[in-house]
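Asks: Fit chain B to the given chain A structure using the hints.
In case you want the letters, here they are:
Number of protein chains: 2
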Amino acid sequence: MVIRSSDVKVEKVLSMRGGKGEVEMTHLLSKEIMHNKARLFAKMKLSPGSSVGLHKHEGEFEIYYILSGEGVFHDNGKDVPIKAGDVCFTDSGESHSIENTGDTDLEFLAVIILL
Amino acid sequence: MVIRSSDVKVEKVLSMRGGKGEVEMTHLLSKEIMHNKARLFAKMKLSPGSSVGLHKHEGEFEIYYILSGEGVFHDNGKDVPIKAGDVCFTDSGESHSIENTGDTDLEFLAVIILL
Chain A
14 MVIRSSDVKV
24 EKVLSMRGGK
34 GEVEMTHLLS
44 KEIMHNKARL
54 FAKMKLSPGS
64 SVGLHKHEGE
74 FEIYYILSGE
84 GVFHDNGKDV
94 PIKAGDVCFT
104 DSGESHSIEN
114 TGDTDLEFLA
124 VIILL
Chain B
14 MVIRSSDVKV
24 EKVLSMRGGK
34 GEVEMTHLLS
44 KEIMHNKARL
54 FAKMKLSPGS
64 SVGLHKHEGE
74 FEIYYILSGE
84 GVFHDNGKDV
94 PIKAGDVCFT
104 DSGESHSIEN
114 TGDTDLEFLA
124 VIILL
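Residue numbers (the working numbering), protein chains in the order written: chain A, 14 to 128; chain B, 14 to 128.
Just chain A, with the same shape it has in the complex (with noise of 0.2 angstroms):
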């Protein structure tokens, strides 16, 4: 199945997990689709400034996939810059936040697979 970016649902959150701004979730699979092995595939926009805020997983594992645009990646206590092509991996019990510090768009893929 070829599910097209511009056929699906567009959720927009103000202040995510306490967060900054505004963040675009485009849901491109649902957790039925996937089996419920994973309840998030999506990809995120968060225009510059705006935030995802701190919070933590547990009983599952999150994946991001930096897309597009450069920020800072809170990865379970310490702030790691990043930019298109890099991986942030949260595990269960971790906790992350992500900021867009740059002056275009951040935009990544999200996934959250179950453990």
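Calculated from the structure, these hints are not laboratory results. Keep in mind that a hint or two might mislead.
Copies of the same chain are indistinguishable here, so a pair counts whether it falls within one copy or spans any two.
[What the hints assert, rightly or not] Here are the simulated DSS-like cross-link-like pairs (lysine-lysine), alpha carbons at most 25 angstroms apart as the crow flies:
id	residue 1	residue 2
1	K96	K44
2	K69	K50
3	K50	K33
4	K91	K25
5	K22	K33
6	K44	K69
Replies: Structure of chain B alone, referenced to chain A:
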């Protein structure tokens, strides 16, 4: 943990799954780090004319997220043109192949999640 594309193993596979030319696989995450819930998280690069041959998945499903370029995705029996931003979902029991029919590299993220 942040993984840089430039720091990980790049594998070049000739005639992958019986396909044409060479496929460059950048292995971003190992199955061990993904708790054996997923067995592939890689960026794939096919030069013009290259392809991954037709093959079937069983006991797992695969997701392609097209990053750049264009091509044809053989979707369990039918050919579908694909471009950046599209998602190709191949469920357990289904077959797929992908070919770069454009004149630039076709790049996509490949994720295999186990059932």
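Asks: Now tell me, hint by hint, if it's right for this structure.
Replies: Results for each hint:
no.: 1; hint: K96 with K44; in the structure: between (28 angstroms within a copy, 24 angstroms between copies)
no.: 2; hint: K69 with K50; in the structure: both (19 angstroms within a copy, 20 angstroms between copies)
no.: 3; hint: K50 with K33; in the structure: neither (30 angstroms within a copy, 32 angstroms between copies)
no.: 4; hint: K91 with K25; in the structure: neither (28 angstroms within a copy, 34 angstroms between copies)
no.: 5; hint: K22 with K33; in the structure: within (22 angstroms within a copy, 36 angstroms between copies)
no.: 6; hint: K44 with K69; in the structure: both (20 angstroms within a copy, 22 angstroms between copies)
In summary, the structure is inconsistent with hints 3 and 4 from the numbered list given earlier, while agreeing with the others.
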